[in-house]
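Student: Those protein sequences? They're chains A and B, same order as listed. Under this note's numbering, the first sequence has 357 at position 357, and the numbering climbs by one with no breaks. Under this note's numbering, the second sequence has 344 at position 344, and the numbering climbs by one with no breaks.
I should point out that these hints are in silico values taken from the structure, not numbers from a laboratory. Just to be clear, a hint being listed does not mean it is correct.
Stated by the list, open to error - Taking lysine-lysine and the DSBU-like style, the derived pairs with C-alpha atoms no more than 35 Å apart in a straight line are:
{"id": "1", "chain 1": "B", "residue 1": "Lys-234", "chain 2": "A", "residue 2": "Lys-95"}
{"id": "2", "chain 1": "B", "residue 1": "Lys-61", "chain 2": "B", "residue 2": "Lys-6"}
{"id": "3", "chain 1": "B", "residue 1": "Lys-16", "chain 2": "B", "residue 2": "Lys-297"}
{"id": "4", "chain 1": "B", "residue 1": "Lys-297", "chain 2": "B", "residue 2": "Lys-13"}
{"id": "5", "chain 1": "A", "residue 1": "Lys-95", "chain 2": "A", "residue 2": "Lys-170"}
{"id": "6", "chain 1": "A", "residue 1": "Lys-2", "chain 2": "A", "residue 2": "Lys-95"}
{"id": "7", "chain 1": "A", "residue 1": "Lys-170", "chain 2": "B", "residue 2": "Lys-234"}
{"id": "8", "chain 1": "B", "residue 1": "Lys-112", "chain 2": "A", "residue 2": "Lys-95"}
{"id": "9", "chain 1": "B", "residue 1": "Lys-297", "chain 2": "B", "residue 2": "Lys-6"}
{"id": "10", "chain 1": "A", "residue 1": "Lys-170", "chain 2": "B", "residue 2": "Lys-61"}
{"id": "11", "chain 1": "B", "residue 1": "Lys-234", "chain 2": "B", "residue 2": "Lys-61"}
{"id": "12", "chain 1": "B", "residue 1": "Lys-173", "chain 2": "B", "residue 2": "Lys-112"}
{"id": "13", "chain 1": "B", "residue 1": "Lys-16", "chain 2": "B", "residue 2": "Lys-6"}
{"id": "14", "chain 1": "B", "residue 1": "Lys-173", "chain 2": "A", "residue 2": "Lys-153"}
{"id": "15", "chain 1": "A", "residue 1": "Lys-95", "chain 2": "B", "residue 2": "Lys-61"}
{"id": "16", "chain 1": "B", "residue 1": "Lys-13", "chain 2": "A", "residue 2": "Lys-153"}
{"id": "17", "chain 1": "A", "residue 1": "Lys-170", "chain 2": "A", "residue 2": "Lys-153"}
{"id": "18", "chain 1": "B", "residue 1": "Lys-297", "chain 2": "B", "residue 2": "Lys-112"}
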Amino acid sequence: MKWFRFVWRNATRSRRRSILMILSLATTFFLFCTLQTMLTALDSVTSFNTAQHRVVVTSRLSQIGTLPQAYEEQIRSLAGVAEVCGMTNFSGLYKDDHPDNFFAQYAVNARTVFDVFPELDVDETQRGAFLANPQSCLVHESLIERFSGDGWKLGSTVPLIGARYPVDPKLSIAGVFTAPAYEDVLIFHWESLDASLTAFSEYELFFAKAQDSAAMPRIIDEIDSRYLNSEYPTASMTEDIFQESTNESLATQRTVLQRLSMVLLVVMVLAGANAIALATRERVREISVLRTLGFTPGRVRVLVIAEACLLSLLGGALGCGGAWLLWEQAGPPSFLFLNFHVTAGTLLTGLALSVLVGVASGSVPAHRVATLPIVSGLRKVT
Amino acid sequence: MALPLKYSLRSLKNRKTATAMTVLGIAAATATILAVQGLLLGVQQVNVGTGSEQDILVLRKGALSEAGSSVSLDEARQLRSISQLAERDGNSMVSAELITALNLPRLEGGGKANVSLRGITERERDWRQSFEIVEGRPFRAGLHEVTVGRAISRRFEGLDLGQEIPVGQTRLKVVGLFEAGDSAYDSEIWGDFDVLRGAFHRQGYSSVTLRAATADAVPAILESVEQQSAGTLKARTYPEHFARQSEAVEQLVGSSFLLAVILGIGAAFAAANTMYAAVSQRVSEIAVLRSLGFRRKSILFAFLLESAFLGLLGGGLGALLTFGLSLIGWETGTMNPYLFAEQAFSLVFTPASLVTGLVFGLAIGGFGGLFPAIGAARKPVLEALRAT
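Just need the whole structure built from these sequences, with the hints factored in.
Tutor: So, in structure tokens, the structure goes:
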């Protein structure tokens with residue numbers, strides 16, 4: 001502890017220089033935390049529930065390919081499969097193509113959707129109303145909130161504009177669900193979509209709920225080998241692998257963000273090293289005096305590095321704290337990222353790296369000043 | 001009387017380590033900014049460079065892109081009867097096309113990504129694909145053959161000349177590579193419409209492209225498409241379509257500006273540190289200059305100039321680094337959310353980037369050096385002379 005006072009005094013001796021160093025590190029750490037938060041946001045694009053042991057069956061031909069409706073019944077008959085729900089991403093628009101009006105619309109098999117997705121929490125009477133009316137839909141409460149200005153409520157009509165399918169369905173809201181994993185989602189009857197298209201009878205994917213997780217690898221094998229030589233070959237996977245493959249397409253963005261973060265670290269070390277080098281240069285004589293008093297080069301080195309770490313840690317805390325304050329308290333830039341949250345992991349990484357930056361930037365100046373012959377240090381005029 | 005330029009330059013040379021570290025720091029910051037902007041510019045260039053004013057793209061009304069659109073056989077047939085279309089060998093120039101995506105393994109970075117696959121008839125291909133086949137030959141009607149954009153063939157496995165792409169029960173043979181002048185088509189695979197429709201079990205078309213007979217006919221054609229389809233189809237000229245697609249990129253350009261400002265401020269703090277140290281090391285020197293008759297203004301100017309040089313060196317070095325990156329051809333790709341497929345683009349470095357880099361560096365040096373220079377000019381002469 002007695003050394004802490006010594007280091008602190010040294011660090012605060014030239015306040016202006018220390019403050020400038022802290023501020024320059026703080027701005028860089030702020031950017032670093034922001035980039036890291038973008039990375040975590042990219043990784044959480046979709047958040048499926050993996051505790052439900054579901055198998056996702058997609059087209060092997062193309063990620064936007066389709067599969068025949070008949071597969072649903074065939075997959076259901078496999079041993080170990082509890083229930084199957086076909087699903088098609090309608091990908092239509094609501095009102096116009098402004099991003100504020102984007103949300104997901106899934107045409108699902110209404111008879112099985114609640115068995116395969118038990119986490120869809122819809123009130124009994126609302127569920128009954130949805131099942132009774134093929135022109136109705138269920139929406140997440142987030143959408144009711146977002147479009148309250150358009151008068152969205154139970155019973156009101158939502159007009160969708162077709163894109164991948166040449167129909168414009170008008171759906172009445174039969175119920176509202178609140179499951180956290182399905183924010184911004186609308187589901188409606190696949191049958192009504194099918195009825196309005198000629199020669200369709202296709203789904204984009206199937207969700208097959210397994211009786212237990214142990215059966216999943218076998219189910220995946222059986223489905224894929226069954227259809228391997230058919231006109232519509234399948235690619236099946238567990239729900240979390242499906243999620244990962246969706247995220248894989250963002251690999252480039254991830255690489256760019258990671259490279260930027262690396263460059264920022266280099267900038268920090270350079271800025272820190274420069275400030276510490278300036279500080280030690282001014283103190284060559286007094287460090288030589290310390291050496292004469294019996295301080296070993298090792299101790300001098302530790303003292304200088306400790307000073308660098310202290311300043312760098314302050315800069316890191318300020319930058320990471322600023323990022324947390326701005327993005328968590330003042331609100332994130334929602335136009336680009338969903339789930340833009342500064343996590344504890346990001347903050348801890350930032351702080352840990354700030355100590356490393358301190359060590360890296362203090363090492364060279366510390367080594368130089370610690371190994372300088374005492375006599376020439378004493379002679380040095382600053 | 002002004003201090004000679006040499007004074008400022010020599011002073012930088014005197015403190016080699018501090019100068020080098022500051023310059024490197026500014027250079028890294030500049031390179032970061034220029035690389036980010038260069039990549040965004042690359043994405044924009046891809047979108048802007050595609051399509052002529054006289055070509056009109058017809059999509060379903062709710063569609064944001066060709067891949068997410070559907071046009072039925074009937075609707076496409078009706079579009080052929082629109083008047084004022086250009087003609088070629090007695091047929092009006094209407095190309096109904098199919099766009100789908102193939103999930104292929106990436107060569108770099110691992111994983112798989114989607115590549116756009118375009119089905120088109122041989123007859124329409126010849127005017128739609130006005131760009132050149134650089135290796136091999138064009139695909140032939142009715143055969144399981146495709147031609148591949150060279151940019152995308154370099155980024156994915158199995159897209160080289162002569163290789164076969166497995167699609168379900170069939171295989172598509174790569175018979176040619178084309179270059180489409182850095183446009184969006186560089187990221188596509190083209191094949192025969194009927195072959196691809198069969199392989200992917202598709203019922204209708206994704207999009208229809210019409211060529212107007214004259215530029216003046218464009219507004220009338222846009223209107224007839226909307227009328228004929230009772231508003232379920234929308235028509236736009238290609239430049240307009242791509243301008244809309246790059247809107248998302250514009251937002252990113254905005255946030256990269258913010259990145260530049262924050263990083264610049266950080267670098268300016270570091271430069272200020274260097275300059276303060278420079279001033280405090282030369283207190284007596286400044287005093288001597290003052291007693292020799294140099295004015296406060298000259299001192300201020302000399303230190304500011306020194307700092308500006310520091311910034312310029314850093315900015316120039318950063319620009320040089322980015323230029324190097326663009327020379328090695330840092331070609332990359334990204335998932336275009338509208339196309340639902342990977343799009344290749346490369347880092348663009350223009351003379352404007354060099355100017356941006358120099359200005360950025362100069363700004364850092366200028367702001368960083370301003371307060372230290374003012375401090376130097378204000379040093380009282382007598383006190384400063386006594387300082388050592």
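Student: With the threshold set at 35 Å, check whether the alpha-carbon distance from Lys-170(A) to Lys-153(A) stays at or below it.
Tutor: holds (15 Å)
Student: For the pair supplied as a hint, Lys-13(B) and Lys-153(A), is the alpha-carbon distance within the 35 Å limit?
Tutor: violated (72 Å)
Student: Holds or violated: are the alpha carbons of Lys-95(A) and Lys-61(B) at most 35 Å from each other?
Tutor: Satisfied, since the Cα-Cα distance of roughly 11 Å is no more than 35 Å.
Student: Given the hint that Lys-297(B) pairs with Lys-6(B), test it: the Cα-Cα distance must not exceed 35 Å.
Tutor: Holds: Lys-297(B) and Lys-6(B) sit about 17 Å apart, inside 35 Å.
Student: For the pair supplied as a hint, Lys-95(A) and Lys-170(A), is the alpha-carbon distance within the 35 Å limit?
Tutor: Holds. Lys-95(A) to Lys-170(A) sits at ~12 Å (cutoff 35 Å).
Student: Holds or violated: Lys-16(B) and Lys-297(B), Cα atoms, limit 35 Å.
Tutor: holds (26 Å)
Student: Sort out whether Lys-95(A) lies within 35 Å of Lys-112(B), counting only the CA atoms.
Tutor: holds (34 Å)
Student: Need the status of pair Lys-170(A), Lys-234(B): alpha-carbon distance at most 35 Å?
Tutor: With a Cα-Cα distance of about 20 Å, the restraint between Lys-170(A) and Lys-234(B) holds, given a limit of 35 Å.
Student: Given the hinted pair Lys-61(B) and Lys-6(B), is their alpha-carbon gap at most 35 Å?
Tutor: Not satisfied, since the Cα-Cα distance of roughly 67 Å exceeds 35 Å.
Student: Sort out whether Lys-112(B) lies within 35 Å of Lys-297(B), counting only the CA atoms.
Tutor: violated (63 Å)
Student: Take the C-alpha atoms of Lys-234(B) and Lys-61(B), compute the straight-line distance between them, and say whether it is at most 35 Å.
Tutor: holds (5 Å)
Student: Does Lys-170(A) pair with Lys-61(B) here, judged by a C-alpha cut-off of 35 Å?
Tutor: holds (15 Å)
This entry does not satisfy hints 2, 6, 14, 16 and 18, going by the numbered hints stated previously.
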